[in-house]
Each structure stands twice: as C-alpha cells, then as structure tokens.
Amino acid sequence: MSTTDTGGGPPDTSETIWERAHESTEFRELRSRLRRFVFPMTAVFLVWYLLYVLLADYAHGFMSTKVFGNINVGLIFGLLQFVSTFVITGLYVRYANRKLDPVAEKIREDIEGDSAKEQA
Amino acid sequence: MTNIAAGVEGSNPLLNIGIFALFVVITLVIVFRASRNTKTASDYYAAGRAFTGPQNGIAISGDYLSAASFLGIAGAIAINGYDGFLYSIGFLVAWLVALLLVAELLRNTGKFTMGDVLAFRMKQRPVRAAAATSTLAVSFFYLLAQMAGAGGLVALLLGVESGFAQAVVIAVVGIIMIAYVLIGGMKGTTWVQIIKAALLIVGALAITLWVLGKYNFNFSSLLQAAVDKAGKAGETLLGPGKQYGATGTSKLDFFSLGIALVLGTAGLPHVLMRFYTVPTARDARRSVVWAIGLIGLFYLFTLVLGYGAGALVGPDAIKKAPGGVNSAAPLLALELGGPVLLGLISAIAFATILAVVAGLTITASASFAHDVYANVVKRGKTSPDSEVKVARITAVVIGIVAIGGGILANGQNVAFLVALAFAVAASANLPTILYSLFWKRFNTQGALWSIYGGLAITVVLIVFSPAVSGKSTSMIKGADFAWFPLSNPGIVSIPAAFILGWLGTVLSKEHDEKKYAEMEVRSLTGAGAEKAVVH
Numbered sequence: 001m002s003t004t005d006t007g008g009g010p011p012d013t014s015e016t017i018w019e020r021a022h023e024s025t026e027f028r029e030l031r032s033r034l035r036r037f038v039f040p041m042t043a044v045f046l047v048w049y050l051l052y053v054l055l056a057d058y059a060h061g062f063m064s065t066k067v068f069g070n071i072n073v074g075l076i077f078g079l080l081q082f083v084s085t086f087v088i089t090g091l092y093v094r095y096a097n098r099k100l101d102p103v104a105e106k107i108r109e110d111i112e113g114d115s116a117k118e119q120a
Numbered sequence: 121m122t123n124i125a126a127g128v129e130g131s132n133p134l135l136n137i138g139i140f141a142l143f144v145v146i147t148l149v150i151v152f153r154a155s156r157n158t159k160t161a162s163d164y165y166a167a168g169r170a171f172t173g174p175q176n177g178i179a180i181s182g183d184y185l186s187a188a189s190f191l192g193i194a195g196a197i198a199i200n201g202y203d204g205f206l207y208s209i210g211f212l213v214a215w216l217v218a219l220l221l222v223a224e225l226l227r228n229t230g231k232f233t234m235g236d237v238l239a240f241r242m243k244q245r246p247v248r249a250a251a252a253t254s255t256l257a258v259s260f261f262y263l264l265a266q267m268a269g270a271g272g273l274v275a276l277l278l279g280v281e282s283g284f285a286q287a288v289v290i291a292v293v294g295i296i297m298i299a300y301v302l303i304g305g306m307k308g309t310t311w312v313q314i315i316k317a318a319l320l321i322v323g324a325l326a327i328t329l330w331v332l333g334k335y336n337f338n339f340s341s342l343l344q345a346a347v348d349k350a351g352k353a354g355e356t357l358l359g360p361g362k363q364y365g366a367t368g369t370s371k372l373d374f375f376s377l378g379i380a381l382v383l384g385t386a387g388l389p390h391v392l393m394r395f396y397t398v399p400t401a402r403d404a405r406r407s408v409v410w411a412i413g414l415i416g417l418f419y420l421f422t423l424v425l426g427y428g429a430g431a432l433v434g435p436d437a438i439k440k441a442p443g444g445v446n447s448a449a450p451l452l453a454l455e456l457g458g459p460v461l462l463g464l465i466s467a468i469a470f471a472t473i474l475a476v477v478a479g480l481t482i483t484a485s486a487s488f489a490h491d492v493y494a495n496v497v498k499r500g501k502t503s504p505d506s507e508v509k510v511a512r513i514t515a516v517v518i519g520i521v522a523i524g525g526g527i528l529a530n531g532q533n534v535a536f537l538v539a540l541a542f543a544v545a546a547s548a549n550l551p552t553i554l555y556s557l558f559w560k561r562f563n564t565q566g567a568l569w570s571i572y573g574g575l576a577i578t579v580v581l582i583v584f585s586p587a588v589s590g591k592s593t594s595m596i597k598g599a600d601f602a603w604f605p606l607s608n609p610g611i612v613s614i615p616a617a618f619i620l621g622w623l624g625t626v627l628s629k630e631h632d633e634k635k636y637a638e639m640e641v642r643s644l645t646g647a648g649a650e651k652a653v654v655h
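Order-wise, the sequence lines are chains A and B.
When the first sequence is numbered by the numbering used here, its final residue is 120 and no position is left out of the sequence of numbers.
When the second sequence is numbered by the numbering used here, its final residue is 655 and no position is left out of the sequence of numbers.
In case anyone wonders, no lab produced these hints; they're calculated from the structure.
Treat each hint with caution, since some may be false.
[Stated by the list, open to error] Label pairs and their computed distance ranges (CB to CB):
#	chain 1	residue 1	chain 2	residue 2	range
1	A	LEU80	B	VAL653	25 to 33 Å
2	B	TRP603	A	GLY90	26 to 34 Å
3	A	GLY90	B	THR172	18 to 26 Å
4	A	PHE62	B	VAL497	56 to 64 Å
5	B	ILE303	A	GLU19	38 to 46 Å
6	B	PHE152	A	GLU29	43 to 51 Å
7	A	LEU55	B	LEU329	26 to 34 Å
8	B	ALA599	A	PHE39	44 to 52 Å
9	B	VAL653	A	GLY90	27 to 35 Å
By construction, the Cβ of each residue, glycine as well, lies at the ideal position given by its N, Cα and C atoms.
Using the sequences provided together with the hints, build the complete structure.
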C-alpha cells in the first residue's frame, strides 16, 4: 500500500464512478441541502459574534447597564453567545440526521456497491 | 507568568508532587495497556479510528482546555473581570466553524493529517510540504508556550526556586510526554486526554458549586463580593473595557484577537487530527457536539472560578502571589479546601500541560512522517512501518526541542505565543481548508499562496509588533523595532491569506476537474473513507 493511495480500487474505473455520482441528481440535492444550511448559519453566528465583540469593545456604557442585581447587559449578551452556540449545534445535528445522513448513506452504498461490482 | 521563587504559602510541595506522580503512574499503566494493539500506521496516528464520538469529544476538550484556558482565563476574570470572559466566548463560538464547515468533510476526505485533505486534488509534494510547514509552525509555537508555562507553574505550585531545578522539572515533563507518545501512539495519548479532561471538568465543577454555595447560589451576590473585595475600582470588573478599553489601538487589537480566536480553532492541526480517530463522519459530528457541550460548560465554570477567586482571595493577593494572574485558580482552591484541594488542582494543571503537549507532539510528528518523509521525500514509495518509525523518531526530536525551548523561554512573557499559534492557524490553515473543501476552481498555486502567505504575514507582523519589542511587557526588553501597532495580527493576516489564495488560484490555469468531483463526493458522503480497524 502506498501512502498517497486514497483507496477505492483501480483509478480508471473508480474515477468514472466518482464522476457519475457527482453528476447524479441525488448528489446535487445533498450538496445543495448541506450548503443551504451551513452557509447561512455560518453567516448568522459570525455576524452575531462580531456584533457582540464590537459592542463589548466600543459600547462599554451600554454593556455595563444593569438589568437586575449585578447582572448587566454585557453578561447577558455573553451568556446568550453560549445559548446560541448550543442551539445552533442542536439545530445542525437535527438537520444532518434528518436531511443529510439518509441521502449521503444511499449515495455511499450505491458507490461502494458499484465499485465492488466493477472490480469483480 | 513569572519565575518568582517560593511557592504559594500553605502549599505542600510533597503532597502536590505525590498527587501528580499518582496521575502519571495511572496514565502510564493505561498507555501501556493501550499500546498492545498499536501495530499499524492507522493505529499509531489515528488510534485505529476506533474511538466513539463521545470519547473523542471528551479527548478534544482535553486537548483544547490547555493550562492557558484553565489558569489563564480564571486569572484574567479575577483581575480584569469581564474582559477575561470575552476570551472564553471566542474560544467556544469557534467550534461552530469546526462543526458546520470542517469536521465531517475533513474526516471523510483525509487519512491522518491536514495535508491529506489539502493535497487531495493538488500537486502532492508542494502542497504537502506547505501543509507540514504550517502544521509544524503552529505546533511549535503552541508547544513552546505550554512548556514555558510549565516552568512558571512549577515555581508557583512546588516552590522550586532555582532556575536549574525548574529546568529539571521541565525536562521531566518533556520526558514523560515523550514516553506517552512513543509507547501509546494516538490511542495512549487520547486516553491521557480523556482522563485529564474528566479530572479537569469534575474539579472545576466541584469548586464552582463550592463557591456558589458560599453565596447561596446567587451569582449576583458573588459579583457583589468580587466588587467589594477589589476596592475602589471594583465596579469596573463587571463591564467590558478594563483590559482592552484604554485606547483606540487597544480596542482594535481586541477586535483582531476576537477574529483570530473564532477562526483559529478549526485550523489547529492537533484539533483537526483528532477527527481521524473516529470511524465515521457521524462520529466526528458527535465528537464536536460533545466537545462544544463540555467546553461551554467548562467556560461557565471559569466565570464562577474567576469571580470567586476575585471575591475570596482578592485581586491584590493574586497579583502579589508567585505566578501572578495564573495563580488565581490554585489560590482559590487553597482558600476553599486547604492544601489537599490545592494539591489536586495543581496536579490537574500539570496533567493538563502534559496531555496538551503530548497531543501537539503526536500531531507534529505525524505531519512530518506522513507528509514530508513519506510523500515529499519518498514520493509515496515507503511502507507504513518505516513511516511510523520516522514518526517515533520525530516525536523524540520534537520532545527534545520542546524541552530546550521551554527551558530557554522559562520566565518569558509567552502569552503571545498562543495568540501567534491561533493567528497562524486562522491565516495559513483555515482559508486553505475552506477553499479546498468548497471552491471548485481552487488549485495548487492558490493553496501555496494562502499557506505560505498567511504564515509569513502573521510571523512578520508579530515580530514587528509591540508583543516582541518596544514596550515594558514585550519579550525583548530595551529594544524597539516595532512598526505594526497591534499585538494580534489577525485583522490583517486573515483577509490577506484569503485574498492570496484567491489570487494565486485565478493566476494559474491548473485545475483537476476529475479529482474535484471525487473529493466532493467523498467529503459529502464518506464513500471510500478509511474504516475503523478491528482488533
């Protein structure tokens, strides 16, 4: 086994398998489902985080405003970053389990079945 | 961290050493047992891909929660209040980048190293050499910071005063770490991380509950106590700006740090390599979920620990103690539970350094053996056995370099090394990883420009920043060759690396359509991915 080998059988036949899978409607659907979720979500949490950093950096007065007891806006904002991180994690796991994994599994089985057939 | 002599008053060095020795003995036994199944390259680098998602998630949190997060953040909150809390938020949110964009796709595409993914559809040798260069650079900066920190920690916890005795302790830490890596490979190292993470999180939870219990579980009263203890300036602890709010430059510096923190994590090679230790992409996802949960929880604990140390020990006492800011958490433990709890916390802090250093060493040695030796030097014509042999030799060399560097850097202000590691990871690695995974047109020249460009810009800006010269807190005192105003170069170096990657790509015609199709199908579906090894 050479270390640059990426697995998957002889290159000439397996490459056509990859390209065939790449052009399939199922794969296009999987890719668009993934990108439709992760790109907007990344934009959301980055903007939300940068907003927080900018407020903490430049709006000291606002962030130091007390809401109740010694708990101020800054602390609540900070804790909300924790909450949003946990919520986005949960949403992604649910989305991936329902919308991504079944499609990915189907394509994977097709590819691995095909390459086994062509090698036989 | 300072190298002031004499340990914390009330600390019992023998007890501290005893508890730490117990940890070393127990983990070495486990590492020995784990090593019996370490035979192939996949065993050595990726623990046979046989860890479960939760196990790997705990190990990731063990890798990530270094002594800098544990002692550093708690101390920063005790002294600077809210500004210390800001670090932990950046460190946590960063995991969403890893979860959404990197972990699963990387697990599906690669084998052992970051270079596997970056070089997949490129010219192998130049891209692997570049990936190894930045992996070694990040690991080296991170390693040096941890080893130098060990020296300061020794002064603080064991009362070891002379420079020579501290050097001996740094060497002992280095030798134990080399033993873990050589004997146990990735499997042994992972178990060390898991044990250490469990101890750290349980220890932090216990102290958190203890502190909160003293204030009837009312966080607001705890804050009030911290404010009262700090005297006149106490009120400033609650809001942002105490540490970074002074001038326009310091505010910009903080913004720059914030960007590097959030984008650096998903480019840290020792974090990326952990995703290869699980059997499937689904397990990689579960590991990140566990890591996010544990790391988030831990940072909530440090919030209580930090303000608790401020309230019960007091910022003045912390600043005066040997070890300065870093002594906040140990002093809090002493205040609450006496020498025994201090001994436990000290041992956990040592274990933390040991485990993180072991994780960094195995990553750096894997990258050298797999990317440089097997693929660049031998052009892929080598056996896995000889590759692992090279990896083991490299681990010893890196260990010795880390010991030497740690002794030389002992007592230096090394906080900037961690910032540098994150900045390099965010500038050189992350743009290249994202382009590789998501941009069809990306090619060899683009990858080389973003890696080398990001690395060079980051290092140059740091060398000519106030972190290295020109200030009383700089590494080189009495010289001033700084022209870049910020200590954190991220705000310049990260966009620059993204632009370089794009420019390098469009200026080169090279493009492997077939390989891209294969890579995209593999990365999204896991077809043909490396499977777990069954023993």
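Hints that the structure is at odds with (numbers, increasing): 1, 2
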